[in-house]
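*Asks:* Sequence:
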Amino acid sequence: MSRYVVLCAAVCSVALESIYTETVCAAAHQPAASQQETAANDPALREYLAGNGFLSRGLNELAAQSYEAFLQAHPDHAKAPWARYGLAVALNRLAEHERALETLKPLLRWKGFHDFEYAPYALLIAGQSHVASGRPAQALPLLDEVQRLYSDHEAADDALALAIEAAHRAGQHEKAATLRQAFVQKHPDSPFLSRALYFAGASEAALQRWEEALQDLTTTLRNQPDGPLASRAALLAAQCADQLDKQDTARALYEQALRFEDDAVSPSAALGLSLLDFRQGHLDSAAQRLASLLDQDAAPAEAVVEEATLLLARTRLEQGDAARAATLLQRLPGLRDNAEALYWLGKAQLRQNKVDAAVESLRAAAQGELDAQLAPAAHYDLALALDRSGQLEQAARELDQLLPHAGDLTPQALYLRAAIAHDQGDYQTSDERLEQLRRDHPDSSLVPQAIALLMENAALEGDHSRAATLARALLDASSDADLQQQARFRLGASLYALGKDDEAAAALTPLAHSRATPEPYRLALLMLGDIAFRQGKYDDAVPLLRDYLALVGPSAQAADDALLKLGLSLLRTDHPAEALPLFAELIESFPDSPHRVQALFEEGQALVAMGRDDQARERFASALREGGDASPFAPLSLQHLGAIADRAGQAEQAATLYARAAALAAALGSERSNAVETESLLRQALALYRAE
Numbered sequence: 004m005s006r007y008v009v010l011c012a013a014v015c016s017v018a019l020e021s022i023y024t025e026t027v028c029a030a031a032h033q034p035a036a037s038q039q040e041t042a043a044n045d046p047a048l049r050e051y052l053a054g055n056g057f058l059s060r061g062l063n064e065l066a067a068q069s070y071e072a073f074l075q076a077h078p079d080h081a082k083a084p085w086a087r088y089g090l091a092v093a094l095n096r097l098a099e100h101e102r103a104l105e106t107l108k109p110l111l112r113w114k115g116f117h118d119f120e121y122a123p124y125a126l127l128i129a130g131q132s133h134v135a136s137g138r139p140a141q142a143l144p145l146l147d148e149v150q151r152l153y154s155d156h157e158a159a160d161d162a163l164a165l166a167i168e169a170a171h172r173a174g175q176h177e178k179a180a181t182l183r184q185a186f187v188q189k190h191p192d193s194p195f196l197s198r199a200l201y202f203a204g205a206s207e208a209a210l211q212r213w214e215e216a217l218q219d220l221t222t223t224l225r226n227q228p229d230g231p232l233a234s235r236a237a238l239l240a241a242q243c244a245d246q247l248d249k250q251d252t253a254r255a256l257y258e259q260a261l262r263f264e265d266d267a268v269s270p271s272a273a274l275g276l277s278l279l280d281f282r283q284g285h286l287d288s289a290a291q292r293l294a295s296l297l298d299q300d301a302a303p304a305e306a307v308v309e310e311a312t313l314l315l316a317r318t319r320l321e322q323g324d325a326a327r328a329a330t331l332l333q334r335l336p337g338l339r340d341n342a343e344a345l346y347w348l349g350k351a352q353l354r355q356n357k358v359d360a361a362v363e364s365l366r367a368a369a370q371g372e373l374d375a376q377l378a379p380a381a382h383y384d385l386a387l388a389l390d391r392s393g394q395l396e397q398a399a400r401e402l403d404q405l406l407p408h409a410g411d412l413t414p415q416a417l418y419l420r421a422a423i424a425h426d427q428g429d430y431q432t433s434d435e436r437l438e439q440l441r442r443d444h445p446d447s448s449l450v451p452q453a454i455a456l457l458m459e460n461a462a463l464e465g466d467h468s469r470a471a472t473l474a475r476a477l478l479d480a481s482s483d484a485d486l487q488q489q490a491r492f493r494l495g496a497s498l499y500a501l502g503k504d505d506e507a508a509a510a511l512t513p514l515a516h517s518r519a520t521p522e523p524y525r526l527a528l529l530m531l532g533d534i535a536f537r538q539g540k541y542d543d544a545v546p547l548l549r550d551y552l553a554l555v556g557p558s559a560q561a562a563d564d565a566l567l568k569l570g571l572s573l574l575r576t577d578h579p580a581e582a583l584p585l586f587a588e589l590i591e592s593f594p595d596s597p598h599r600v601q602a603l604f605e606e607g608q609a610l611v612a613m614g615r616d617d618q619a620r621e622r623f624a625s626a627l628r629e630g631g632d633a634s635p636f637a638p639l640s641l642q643h644l645g646a647i648a649d650r651a652g653q654a655e656q657a658a659t660l661y662a663r664a665a666a667l668a669a670a671l672g673s674e675r676s677n678a679v680e681t682e683s684l685l686r687q688a689l690a691l692y693r694a695e
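Residue 334 in this note's numbering sits at position 331 of the sequence shown, with consecutive numbering throughout.
In case anyone wonders, no lab produced these hints; they're calculated from the structure. Not one of these hints is a red herring.
Straight-line alpha carbon distances no greater than 35 Å define the calculated DSBU-like cross-link-like pairs of lysine-lysine that follow:
id, residue 1, residue 2
1, K249, K189
2, K114, K178
3, K178, K249
4, K540, K503
5, K189, K114
6, K82, K108
7, K82, K114
8, K178, K108
9, K189, K108
10, K189, K178
Computed Cβ-Cβ distance ranges for the label pairs, DEER-style:
id, residue 1, residue 2, range
11, P513, P557, 23 to 31 Å
12, L152, D79, 19 to 27 Å
13, N356, G284, 22 to 30 Å
14, L152, D374, 41 to 49 Å
Cβ atoms here follow ideal geometry from the backbone N, Cα and C, with glycine treated the same way.
With the hints as constraints, model all of the structure from the sequences given.
*Replies:* Listed below in structure tokens is the structure:
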């Protein structure tokens with residue numbers, strides 16, 4: 004935020020003091036005792052002498068009339084130069100600066116001017132008139148002439164102080180600083196020292212020589228604590244201290260500026276104090292002061308209103324009140340042409356999740372005129388808004404254009420670009436940006452998050468070995484609790500996928516907290532349950548699989564697998580009645596599950612264990628029908644059907660079923676099917692024996 008937008012106006016609004024001394028005024032007329040004699044000797048001087056008298060008594064309008072009458076009647080009189088000078092003094096006092104300049108022109112061109120006793124004062128008045136008329140650059144040659152020709156004159160310090168002021172107002176700040184050195188050396192005790200140092204300090208501030216400016220301005224305050232420049236000196240000194248990060252000094256000076264109750268200064272001082280509060284985290288104090296400033300009956304300058312509104316909006320944003328921030332910004336006149344206001348409006352809209360509006364505001368801001376700090380931020384936030392609105396291609400293009408000149412935002416831009424590529428399934432681009440972040444910005448706080456995203460990319464690409472390596476790197480790189488949990492989960496999941504069950508269990512167990520397991524890590528329950536199942540630890544598998552299903556519901560990822568293995572674990576621990584509804588739920592809820600045929604088979608086994616052969620026969624028949632002869636459960640189902648027939652005294656039918664089971668098992672040709680074939684043939688023989 005520009006904190007000095009009102010600085011120039013505050014400096015240049017200072018009223019010009021009278022730059023001529025009582026000596027100048029007195030010098031415009033002769034002693035009264037000689038006037039009658041002089042007038043008697045030369046009647047033409049009557050108006051001239053009347054002008055002198057009026058001038059000495061401060062009757063400036065009458066003095067001007069008398070001098071003008073004299074000059075109109077006697078433009079070439081010997082006293083004409085003195086009359087012109089006296090007229091210029093009167094007009095100067097009347098603030099008629101253009102007329103004063105016109106009056107002085109013939110005098111300044113007069114061949115005897117440099118020997119004229121009041122030449123330094125005439126040059127001084129001409130310089131002041133140019134400054135007061137808004138032409139400070141034209142004043143400088145006149146004031147330089149005083150220094151060049153009359154450096155020892157009593158008006159030299161006055162002229163040099165005005166030259167510093169003129170140089171500042173003309174934007175010639177180096178000249179003002181140079182003249183300041185000359186003034187301090189030549190006139191250290193001048194009554195104009197404070198004014199000279201004030202304008203020199205203002206120029207030093209314009210040159211960003213904050214320390215020198217602060218010294219000169221505080222000297223002005225110390226020398227003239229109640230002078231006409233004191234309030235402005237306090238404000239400008241506070242702003243310089245602020246730039247030097249001397250926050251306590253700045254605060255004291257802002258408060259001092261406020262105590263003057265100067266309407267031209269107080270709003271800017273209040274704004275400066277608010278900015279200090281904002282930076283120091285005193286948000287409530289900043290908001291209260293800014294709201295009060297904007298609610299004043301006498302509205303501050305437009306520039307102050309804009310700065311205060313922007314700062315109050317930023318304060319509301321930091322307080323988490325994006326809606327009030329947006330409302331403030333939307334009330335600003337000329338919003339569509341105010342890139343900075345549009346930027347903060349876009350951020351407020353983004354926090355309100357009004358992503359389409361945020362895209363519009365941030366795009367307008369990015370296309371406008373922003374300072375070097377905000378311009379990259381506007382493009383970055385625009386990309387963020389585009390990403391959130393689902394416009395991934397546009398977001399990626401915005402970031403690709405930003406990255407070569409992103410400056411301090413480069414790590415954030417690289418990470419966001421990688422995240423977008425990740426969402427697009429472009430893991431190669433994502434990895435390239437993340438590795439660039441790690442390589443070029445090793446101290447960035449985003450490096451651990453970059454490792455985490457690289458880890459997820461590897462897992463999604465099926466490179467579980469690399470994912471495990473990155474997970475270990477993330478555990479070493481970050482102490483953040485969330486990233487630590489993510490790393491442990493991905494390490495365990497990768498080791499699980501690699502078949503390293505014991506190592507996987509060691510990584511996943513700390514994440515499994517029964518039904519209090521955090522949502523992102525609930526799959527750990529399933530993997531741990533599966534590991535226990537594969538290791539034959541069915542009693543351990545049951546609670547893990549139960550908890551997983553209770554947390555995620557029957558339609559979640561791998562729920563059919565969990566239902567099957569939970570049912571099998573219960574069946575193998577002699578709990579067929581508990582297993583039965585699990586198989587039934589799998590069959591009903593997952594008609595396309597690859598586990599459906601096995602669930603029909605296992606449901607039949609549970610029914611057999613419960614002595615319900617008739618129902619079991621139906622399930623085995625369904626398994627045969629749906630799985631076909633090529634299913635590994637076909638020979639097993641036929642075996643069970645044979646056993647059911649055998650138990651029912653139907654030995655011949657049982658023998659037929661066993662024979663068919665043996666044939667299908669032989670066709671499968673696996674080691675396990677060979678055992679089934681052998682067992683089926685043996686059962687067939689026994690059934691035939693019984694049938695005889």
